[in-house]
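Sequence lines, in order, name chains F and S.
Residues 2 to 77, numbered by our numbering, are exactly what the first sequence covers, in order.
Residues 35 to 417, numbered by our numbering, are exactly what the second sequence covers, in order.
Since the hints were made in silico from the structure, they are not lab data.
All C-beta atoms, glycine included, are put in the ideal place defined by N, C-alpha and C.
Incorrect hints may have been included.
To be verified - Listed next, with one range per pair, are the computed distances between beta-carbon atoms: (1) S/ALA146 with F/MET2: 22 to 28 Å; (2) S/SER298 with F/GLU53: 52 to 58 Å; (3) S/ALA146 with F/THR3: 26 to 32 Å; (4) S/LYS397 with F/GLU38: 53 to 59 Å; (5) F/LEU76 with S/SER353: 57 to 63 Å; (6) F/THR55 with S/ASN405: 28 to 34 Å; (7) S/ILE323 with F/THR3: 31 to 37 Å; (8) S/SER94 with F/ALA31: 21 to 27 Å; (9) S/ARG320 with F/GLU38: 39 to 45 Å.
What the hints assert, rightly or not - The list that follows gives simulated cross-link-like pairs (lysine to aspartate or glutamate, DMTMM-like), each with its CA atoms no further than 20 Å apart: (10) S/LYS382 with S/ASP406; (11) S/LYS397 with F/ASP16; (12) S/LYS397 with F/GLU57.
So the chains spell out like this:
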Amino acid sequence: MTYILHPTYVARVSDNTLIPFDPNNTDYQAYLAWVAEGNTPDPAPEPPAPAELTAEEKLAAAGLTVAELQQLLGLT
Amino acid sequence: MSTLKVTNIQNPSTSSGGVSIDTSGHVTVDSVAMPSSGPLSNRNKIINGDMQIDQRNGGSSVTPGASDYTLDRWRFDLSQTSKLTCQQVADAPTGFTHSTKITSSSSYSVGASDYFLYIQKIEGYNSADLALGTSNAKTFTVSFHVKSSQTGTFCAAIRSSSYNYTYPATFTVSSANTWEYKTITIPGPTSGTGWDTDNSSGMELSFTLGSGSNFASTANTWTASNKFGVSGQVNIVSTSGATFYVTGVQLEVGSVATPFEHRSYGQELALCHRYCLVYGGKTFTRIAITSAYATTGASCMIFLPVAMRAIPSLTSVGSFQHELPGVASSGITAWTPDVNACDTKVFKFDATFGANGSSSGSKSGQITASNDANARFTLSAEL
Numbered sequence: 002m003t004y005i006l007h008p009t010y011v012a013r014v015s016d017n018t019l020i021p022f023d024p025n026n027t028d029y030q031a032y033l034a035w036v037a038e039g040n041t042p043d044p045a046p047e048p049p050a051p052a053e054l055t056a057e058e059k060l061a062a063a064g065l066t067v068a069e070l071q072q073l074l075g076l077t
Numbered sequence: 035m036s037t038l039k040v041t042n043i044q045n046p047s048t049s050s051g052g053v054s055i056d057t058s059g060h061v062t063v064d065s066v067a068m069p070s071s072g073p074l075s076n077r078n079k080i081i082n083g084d085m086q087i088d089q090r091n092g093g094s095s096v097t098p099g100a101s102d103y104t105l106d107r108w109r110f111d112l113s114q115t116s117k118l119t120c121q122q123v124a125d126a127p128t129g130f131t132h133s134t135k136i137t138s139s140s141s142y143s144v145g146a147s148d149y150f151l152y153i154q155k156i157e158g159y160n161s162a163d164l165a166l167g168t169s170n171a172k173t174f175t176v177s178f179h180v181k182s183s184q185t186g187t188f189c190a191a192i193r194s195s196s197y198n199y200t201y202p203a204t205f206t207v208s209s210a211n212t213w214e215y216k217t218i219t220i221p222g223p224t225s226g227t228g229w230d231t232d233n234s235s236g237m238e239l240s241f242t243l244g245s246g247s248n249f250a251s252t253a254n255t256w257t258a259s260n261k262f263g264v265s266g267q268v269n270i271v272s273t274s275g276a277t278f279y280v281t282g283v284q285l286e287v288g289s290v291a292t293p294f295e296h297r298s299y300g301q302e303l304a305l306c307h308r309y310c311l312v313y314g315g316k317t318f319t320r321i322a323i324t325s326a327y328a329t330t331g332a333s334c335m336i337f338l339p340v341a342m343r344a345i346p347s348l349t350s351v352g353s354f355q356h357e358l359p360g361v362a363s364s365g366i367t368a369w370t371p372d373v374n375a376c377d378t379k380v381f382k383f384d385a386t387f388g389a390n391g392s393s394s395g396s397k398s399g400q401i402t403a404s405n406d407a408n409a410r411f412t413l414s415a416e417l
């Protein structure tokens with residue numbers, strides 16, 4: 002049995018079950034028993050850095066068009 | 035006041051039926067046993083005792099892992115895996131439509147420390163009225179229909195959740211491959227621990243499909259240790275191809291086995307949902323509503339149809355996607371449960387997906403299965 006410890010849950014590798022830190026959850030109880038036996042979960046991999054957005058994507062995310070931005074900045 | 039002392043009341047023109055009273059005072063009306071104790075409804079503490087509901091496998095045969103659940107509420111406890119298969123089948127005695135079929139996969143020689151159990155754990159809230167482990171413990175009765183390719187003495191057992199107090203009970207299968215009805219009346223245990231009365235396991239009923247000498251004890255008596263077998267019992271796993279069918283399982287207060295309590299399908303399914311919810315089984319099944327907070331992520335919410343026993347674990351199989359109105363869907367690459375925002379009525383999690391077509395700005399969307407009828411999104415709060 003192998004687990005991966007994430008910040009808000011623990012993942013059981015055998016069936017990729019994601020287990021909340023709830024003391025009433027029997028999967029979590031089994032994980033705690035596994036740790037109590039001297040086992041250590043694997044650390045979660047570092048999340049990938051978010052991709053840098055292009056200027057066009059930033060505009061789209063803000064819900065603006067190029068024309069609207071130009072008007073906003075008084076460049077028209 | 036006076037007392038009418040009779041054993042039978044019948045119409046003068048009939049020779050059977052009517053009302054009968056046995057030497058213990060138990061009443062039978064037209065051959066149907068009346069409860070000797072407890073309520074007249076919601077008597078059965080077993081959920082899915084008639085094996086109608088199989089959310090996880092939908093009637094497919096499976097080779098269970100060491101502690102896997104199969105049909106709803108029913109799980110295995112196995113010292114060795116790959117020795118048997120389990121399937122919901124449409125083979126049942128009159129009055130039932132389904133049963134559990136367990137088939138031995140080999141002629142396994144059961145070792146002293148081996149065990150093969152088919153179990154239902156009963157939540158403490160549902161067994162609390164039995165007052166188990168106290169001086170007021172109530173007698174209860176287990177009844178079920180069984181069919182097996184093997185004949186002889188079989189074993190069922192009651193255990194506390196801490197496994198330190200058990201009652202191995204025997205029953206006999208007389209005719210091979212024939213449905214037989216069995217009843218076992220068990221005096222309430224007045225000792226032991228692990229008879230919880232909250233949302234933990236209050237007690238468990240098991241059918242022994244094989245067990246070694248380490249777990250054998252005297253039949254039909256309480257023992258302060260972990261015993262669920264008897265010497266000389268039939269071990270299904272020891273004969274390749276041997277079968278064991280069971281359905282109509284009922285556990286009720288009192289010393290009389292009353293007729294199986296057929297709850298409506300909707301009631302039974304709701305009872306099962308407290309412990310397991312499975313979404314999927316067809317393409318594009320809707321699962322959760324979302325609010326996209328980035329081009330590659332969304333906050334997702336499922337309002338659970340019943341309060342689950344605990345905050346559930348999440349297991350997903352197959353492919354899923356995030357959909358926003360007017361844009362192409364994006365395949366899900368990861369789930370992240372948000373336990374701090376979950377409770378037993380709401381399951382909250384984040385989904386990560388590809389940026390293809392999605393947009394940010396807290397737009398509402400949904401999680402669905404992809405074009406994948408085999409995708410399953412399972413929330414489990416089993417005991």
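Structure versus earlier hints, numbers of those that do not hold, lowest first: The structure conflicts with hints 4, 5, 10 and 11, although it agrees with all the remaining ones.
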